[in-house]
Amino acid sequence: MDVGMFQTPFMRPDRTPRQVFDWAVAQAVTADQAGFSEYWIGEHATLQWESIPSPELVIAAAAAQTTQIKLGPLAHLLPYHHPATLAVQTAWLAHICGGRYQLGIAAGAYPTDAALRGITDMSVNHKMLFEAIEIIEAVWAGKEYQAEGQFWNHGFPHEDPTHPVRDIRPPGGRIQMAMTGLSPNSPSIGFAGARGYIPVSIYSGNQFVKNHWDVYEAAATANGHPADRAIHRVVRDVVVADTDAEAKKFAIEGGLGAAWEQYLAPTYKRFGVMEGLLADPSHNVEDVDAAYLADHVWITGSPETVTQKLQDWQGETGGFGQLLVYSYDYIDGSKQWDESMRRLAQEVAPKITLPA
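The numbering of the sequence shown is this note's numbering, which starts it at 1 and goes up by one.
Don't take every hint at face value.
[As the list claims (entries may be wrong)] Between beta-carbon pairs, the in silico distance windows are: (1) Asn185 to Glu261: 26 to 36 Å; (2) Arg18 to Ala227: 15 to 25 Å; (3) His283 to His82: 44 to 54 Å; (4) Gly118 to Glu304: 46 to 56 Å.
Keep in mind that the hints were calculated from the coordinates and are not lab data. Here a beta-carbon is modelled for each residue, glycine too, at the ideal position from N, C-alpha and C.
Whole structure, please, built from the sequences with the hints as guidance.
As structure tokens, then:
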């Protein structure tokens, strides 16, 4: 099993933009040195706890300080960009990253991000997403055309000897894309399967991880794409320490616990996501606290305990190729968090296998 990181980021709202940026770049370097295979960065313009509006800046800085880890946004919110501009920018960044760039794309889920761009009816977002993808791939083709879309006019310039057009295509002509899914029967996961993109499941319960793979596999098979579980990424919280007790204490009392207590748990409860995480459906959602999360939702423990939990989880879900762990706010003291990352990548992940 491979391991990657999703730098959403979940940072304290009082952190400055420079603090968030420096932390995100530093975590990319730590992940690279630990042996993580991927590092994804979120994009949100207005959210207090998810405060990176320009993941491409983090990616460019991280590309100069890392050697092997793949980098990408997760995700660029396509309705909020002109797709032709984004096509050129991502292609250029793919060259800068030297083959280590991947492109996560999404429609956008938060009304405040939409309102900032004048979108008051978010039902159009998925239509904009699909049109944007077609435009991006048309620009990457590098052939002259002009077109008027429902949401954007776009084209590729004709060749003018007096002002030659540079080659703006990405390496190899395309970039590996990824899409995230949270809800059951996720349309985004289905679309990813139909296009051969990477599916990324935001963990909201084992039943949804299994459902996402079924949706992806059906769409991929129907459209002639291979459906290998190794391509499936699942995002979940994991903490490794010397002992089970130490790992649980660190998870509850550190940045992970603070983000869940102040932001994630209230958000999940408000939108009905928490029910899928309950170990016992009869458990009252309002009674879920950090101790419950550490025991039943997060994966915490010694290397031996975490290895067993992850191997069991592989069997319970049918298997997936890569675990993505969230990053949290440990700016004020990252030594134990960084060590947890290292042990996960070097002592745990190599022992985890997909079910036969």
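Status of each hint after checking the structure:
{"no.": "1", "hint": "Asn185 to Glu261: 26 to 36 Å", "result": "holds (30 Å)"}
{"no.": "2", "hint": "Arg18 to Ala227: 15 to 25 Å", "result": "violated (43 Å)"}
{"no.": "3", "hint": "His283 to His82: 44 to 54 Å", "result": "holds (47 Å)"}
{"no.": "4", "hint": "Gly118 to Glu304: 46 to 56 Å", "result": "holds (53 Å)"}
Checked against the numbered hints given earlier, the structure breaks only hint 2 and satisfies all the rest.
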